[in-house]
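Quick mapping for you: the protein sequence lines, in order, are chains A and B. Counting with the numbering used here, you get residues 1 to 108 for the letters of the first sequence. Counting with the numbering used here, you get residues 1 to 108 for the letters of the second sequence.
To be clear, the hints were calculated from the coordinates, so they are not data collected in a lab. Among these hints, one or two may not hold up.
[As the list claims (entries may be wrong)] Simulated coverage check for chain A against chain B, where a stretch passes if three residues somewhere in it have a Cβ under 8 Å from a Cβ of chain B:
hint: 1; segment: 32–45
hint: 2; segment: 53–60
[Said to hold, decoys possible] Here are the simulated BS3-like cross-link-like pairs (lysine-lysine), alpha carbons at most 25 Å apart as the crow flies:
hint: 3; chain 1: A; residue 1: Lys38; chain 2: B; residue 2: Lys82
hint: 4; chain 1: A; residue 1: Lys38; chain 2: A; residue 2: Lys25
hint: 5; chain 1: A; residue 1: Lys38; chain 2: B; residue 2: Lys25
hint: 6; chain 1: A; residue 1: Lys25; chain 2: B; residue 2: Lys38
hint: 7; chain 1: A; residue 1: Lys14; chain 2: A; residue 2: Lys65
Keep in mind it's a predicted model, so treat the numbers as computed, not measured. Ideal Cβ positions, reconstructed from N, Cα and C, are used throughout, including at glycine.
2 protein chains.
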Amino acid sequence: MKESESGWTEIEQKVARFAFEQAYKREIEALMSQVRHKIDTLDELDDIWQLHDFLSARRYEVEGKYDFKYSILLFIFAGLIKDGWLQLNELEGLDEDKLAKVAALSRM
Amino acid sequence: MKESESGWTEIEQKVARFAFEQAYKREIEALMSQVRHKIDTLDELDDIWQLHDFLSARRYEVEGKYDFKYSILLFIFAGLIKDGWLQLNELEGLDEDKLAKVAALSRM
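Chain A on its own, in the form it takes in the complex:
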């Protein structure tokens, strides 16, 4: 089993990538659902600019958050668990130390 430069085995990399993509997919689906609901309820002139403000904020947040870098991945996973986009057991396959760190960080 090859260790990546950053200390992640190949299996860990696969687990991490899959978990990351699952969380991303869930959050984006929730966002699409929110956007559809907002469009359905477009009523006043200001609603259109409120929709724009909402998209600006969410885009900034989502693009900032889903930055797949091994050096910060444990923090990212902890945040995703905290926000409900990921479950700790979906990270099974990572070593005990990484799992313990994510669990601890997610409770902070």
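Since the structure of chain A is provided, determine the placement of chain B on it from the hints.
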């Protein structure tokens, strides 16, 4: 009848304000209709960001255009007529000189 500093009577100011608001309302309603249509094609994340880009561009354009200043109002009205958001006869109540200028500018 009081003349405003900028050479618009009170009645002209009311006519101008009402026409301006009508045009804005029509343009935003058209924009809302376009956005509602886009909901049907929201499928991927990129569609959401494309909607965001679309709204950013339209907001920049609309907010730039609907800048109620008497010094540039005849140009604004001419542009709104040209783009179909306003009819010349909705400016009735402005003096002949202003109407003639708007009509001429709108044909340029």
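Status of each hint after checking the structure:
no. : hint              : in the structure
1   : 32–45             : holds (count 7)
2   : 53–60             : holds (count 3)
3   : Lys38/A x Lys82/B : violated, 32 Å
4   : Lys38/A x Lys25/A : holds, 20 Å
5   : Lys38/A x Lys25/B : holds, 19 Å
6   : Lys25/A x Lys38/B : holds, 21 Å
7   : Lys14/A x Lys65/A : holds, 19 Å
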